[in-house]
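Chemist: Residue numbers (the working numbering), protein chains in the order written: chain W, 1 to 243; chain F, 1001 to 1262.
There could be a bad hint or two in this list.
As the list claims (entries may be wrong) - Listed next, the in silico BS3-like pairs over lysine-lysine satisfying Cα-Cα at most 25 Å (straight line):
1. F:Lys1030 x F:Lys1019
2. F:Lys1142 x W:Lys106
3. F:Lys1169 x W:Lys80
4. F:Lys1202 x F:Lys1106
5. W:Lys121 x W:Lys106
6. W:Lys71 x W:Lys106
7. W:Lys106 x F:Lys1069
8. W:Lys202 x W:Lys71
9. F:Lys1169 x W:Lys71
Think of the hints as simulated: they come from the structure by calculation, not from any bench. Keep in mind it's a predicted model, so treat the numbers as computed, not measured.
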Amino acid sequence: MALIEINHLGKSFGTLEVLKDTNFHVDQGEVVCLIGSSGSGKSTLLRCVNLLETPDSGEILYKGENILTSKMNINTYRTKVGMVFQSFNLFNNMSVLDNCIIGQVKVLKKNKNVAHENAVKYLNKVGMGNFLHANPTQLSGGQKQRVAIARALAMDSEVLLFDEPTSALDPEMVNEVLNVMRDLANEGLTMIIVTHEMNFAKEVANRVVFMDRGIILEEGEAKEFFNNPKEERTKEFLGMIRK
Amino acid sequence: MNLIPLVLSNVSLMDKAMKVVTQYQSLLIKGAINTVIVALIGTIVGLVIGLVIGAIRFVSLSHDRKDSKITVICKKILYFLTSCYVEIFRGTPMMVQAMFLYWSLKQSLNWTPYFAAICIISINTGAYMAEIVRSGIQSVDKGQNEGARSIGMTDMQAMFYVILPQAIKNAFPSIGNEFVVNIKDSCVLNCIGFAELFFQAKSIQGSVFDYTGPFLVVGIMYFVLTFTTTRILGIIEEKMNHTHSSIPASDTTANSIQRGGF
Ligand SMILES: Nc1ncnc2c1ncn2[C@@H]1O[C@H](COP(=O)(O)OP(=O)(O)OP(=O)(O)O)[C@@H](O)[C@H]1O
Ligand SMILES: [Mg+2]
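Kindly generate the complete structure, drawing on both the sequences and the hints.
Modeler: Here it is as structure tokens:
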């Protein structure tokens, strides 16, 4: 059974139909990369998955349970599906450490000491263990993004969603973030990643999904997808990216 | 030649002022204390009112596609009611509010001028603070809220732990300014017999039969109060902007490259 399964999802902003009958799934331990041109609906799909956007129609099954209709609390669901944003969105009024603690204490109701230990563990994991008491505004983009990943991990998420996590970074910082993500993939964490880093997708993704104008046009096993794209639009897109 | 009467009158003004200071010292100090107390309490209570009303106004203005019809109607009503409060108290002089509220509620509440003064300045400041808080909330990046929601915080938690602290920090200069304004504008509360600085000047003037001495002294006292307050607020603001500067500089370069702990 898929960990997350999306069936016939529809989403419009006013008259603009952004998602049209979208079907999508991710299995436990799978890394899926979402690619596609600007405005094709990648972010919208990802934001629907953790309900930052409410879909107009269709269903989102989490472990077989439809989260749009079930009694499952949305906030409980969100703790299991972590999100890493292009613009980091770290809490600027808290230290790096508190960024990773507050959710555990206020949402998961964990004991402060346990939360502290857990936060330190994940901050070490992303190589930010020496910045516990720094303020996010003092960090570089790559450092902020690694803290954001630690913040999501500290919630014991089962899936991480990444929306262009390296697009706002200076080129020399892209790798420090991709390296962290690569390690997480190797550890078997389930991830859905919207990215323009094709080499990373080719190397790390199990499956690549190509979106075009609100529909999933093509998907496939990563190597096969990049070496043998079937659709014209896919070939066009990959050709453009390679230039 | 023309200078002589001017100098003479200045000398006598200084004499008059000195006389006021020496003879009515305790009245003046009492007035100054009352002025500071009413301004301080008014600002603090006003801020609390402003936080509540400002947050309500912000939330009731935000549209959410998930809102049910009832929620939308509630939001409209809340926005209308809070707008009435804000507009009325910002759109009429505090002196008029003081006279009207003090006398119209005197029968039922039987309140003292002192207590009434604190209530009136608080309610008045609350109306200004509500707008300060609301624009403070608006100045916080939308991503902060999304970050909070993405780790499962409720709207209330996001507001309380993430957004309001940043809104207050952003709005601190305006909040401090309200305090300074209150030190000066609390003088209108003399109209209900509250014994603040201006009230004392008026009663001193009544017994010495001179306007210039008492009001020069009181003017200087007001200036010292506002000037000192402004400096103190400036220092606090400076401090707030330089917190968290405790990481050693060496960390910054060494660890951005190294990835440890796997
Ligand atoms: N909140 C919103 N309100 C109105 N329109 C929106 C909103 N969010 C997205 N859109 C529109 O929906 C379309 C799809 O947007 P989306 O962000 O999902 O694209 P994307 O594939 O992530 O593109 P990009 O690569 O530029 O991030 C765009 O035309 C965008 O303008
Ligand atoms: Mg996007």
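Chemist: If a hint holds in the structure, say so; if it doesn't, say that too.
Modeler: Going down the list of hints, with the structure as the test:
| no. | hint | result |
| --- | --- | --- |
| 1 | F:Lys1030 x F:Lys1019 | holds (17 Å) |
| 2 | F:Lys1142 x W:Lys106 | holds (21 Å) |
| 3 | F:Lys1169 x W:Lys80 | violated (32 Å) |
| 4 | F:Lys1202 x F:Lys1106 | holds (24 Å) |
| 5 | W:Lys121 x W:Lys106 | holds (19 Å) |
| 6 | W:Lys71 x W:Lys106 | holds (21 Å) |
| 7 | W:Lys106 x F:Lys1069 | violated (30 Å) |
| 8 | W:Lys202 x W:Lys71 | violated (38 Å) |
| 9 | F:Lys1169 x W:Lys71 | violated (38 Å) |
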